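Participant: Sequence:
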Amino acid sequence: MRLSKVTYRVFEREAEGPWAAEATAWHQLDGEIMLTVTDGKREYISWGSEPEQYCIQRKNKTSFSPDVLCEVDMTEHPYWKGLEGQTNTHEFADKLHQVLVIRNGENSVFLSSQYDDGTFLGDCVRVSKSNPL
198 MRLSKVTYRV
208 FEREAEGPWA
218 AEATAWHQLD
228 GEIMLTVTDG
238 KREYISWGSE
248 PEQYCIQRKN
258 KTSFSPDVLC
268 EVDMTEHPYW
278 KGLEGQTNTH
288 EFADKLHQVL
298 VIRNGENSVF
308 LSSQYDDGTF
318 LGDCVRVSKS
328 NPL
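Using our numbering, the first residue of the sequence shown is number 198, and each one after it goes up by one.
What the hints contain is simulated information worked out from the structure, not anything from laboratory work.
Every value quoted in this text rests on a predicted model; they were computed, and no experiment measured them.
For glycine and all other residues, C-beta sits at the position ideal for the given N, C-alpha and C.
Any given hint could turn out to be false.
[Unchecked claim] Calculated cross-link-like contacts (lysine-lysine; reagent style BS3-like; alpha-carbon spacing at most 30 Å):
#: 1; residue 1: 258; residue 2: 326
#: 2; residue 1: 278; residue 2: 202
#: 3; residue 1: 278; residue 2: 292
#: 4; residue 1: 258; residue 2: 292
#: 5; residue 1: 256; residue 2: 326
#: 6; residue 1: 326; residue 2: 278
[To be verified] Beta-carbon label-pair distances, calculated as ranges:
#: 7; residue 1: 286; residue 2: 329; range: 14 to 22 Å
#: 8; residue 1: 199; residue 2: 256; range: 17 to 25 Å
#: 9; residue 1: 199; residue 2: 250; range: 31 to 39 Å
#: 10; residue 1: 314; residue 2: 239; range: 14 to 22 Å
Take these sequences, add in the hints, and give me the full structure.
Facilitator: Spelled out as structure tokens, the structure:
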């Protein structure tokens with residue numbers, strides 16, 4: 198199925214960003230990323246506790262209570278632009294699920310559970326165009 202929409206579901210304090218767009222940069226959120234595919238199905242990606250505490254976790258439902266997060270449409274953001282409208286693969290880059298790679302061909306985005314200082318096992322999601330490993 199093709200990716201039709203990318204939504205960051207974030208806390209109100211982080212809704213304005215900044216959402217870095219440079220290929221060498223990254224941005225971080227404390228909420229979750231909701232990926233919607235063409236048939237309307239959604240996948241929620243956030244930090245979680247399986248298979249390891251503070252890893253990147255994929256679910257078919259949100260982990261957050263209703264009305265806690267606000268939504269920011271990121272479909273047109275440069276990090277996601279090459280993935281929208283395409284069939285993408287989702288694979289973990291490591292056995293502890295610290296980095297999830299979403300890609301098709303040469304386009305990719307990396308989702309990792311990293312803090313601002315780059316350490317892993319974070320209770321947040323870092324989004325970048327370069328592999329943090």
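Participant: Next step is simple, just say for each hint if it's right about the structure.
Facilitator: These are the hints, each one checked on the structure:
Between residue 258 and residue 326 the alpha-carbon distance is near 25 Å, which keeps this suggested pair within the 30 Å criterion. Our distance criterion of 30 Å between C-alpha atoms is met by residue 278 and residue 202, whose separation comes to about 10 Å. A distance of roughly 28 Å separates the Cα atoms of residue 278 and residue 292; the hinted pair therefore holds under the 30 Å criterion. For the hint linking residue 258 to residue 292, the alpha-carbon distance of about 23 Å falls within 30 Å, and the restraint holds.
Our distance criterion of 30 Å between C-alpha atoms is met by residue 256 and residue 326, whose separation comes to about 22 Å. Straight-line distance between C-alpha atoms of residue 326 and residue 278 comes to about 11 Å, which keeps the hinted pair within the 30 Å bound. Taking the beta carbon of each, residue 286 and residue 329 are about 18 Å apart, inside 14 to 22 Å as hinted. The beta-carbon spacing between residue 199 and residue 256, approximately 20 Å, falls within the hinted interval of 17 to 25 Å.
Restraint check, residue 199 to residue 250: a C-beta distance of roughly 33 Å satisfies the suggested window 31 to 39 Å. At roughly 31 Å, the beta-carbon separation of residue 314 and residue 239 lies outside the given 14 to 22 Å, and the hint is violated.
Going down the numbered hints, you'll see the structure goes against just number 10.
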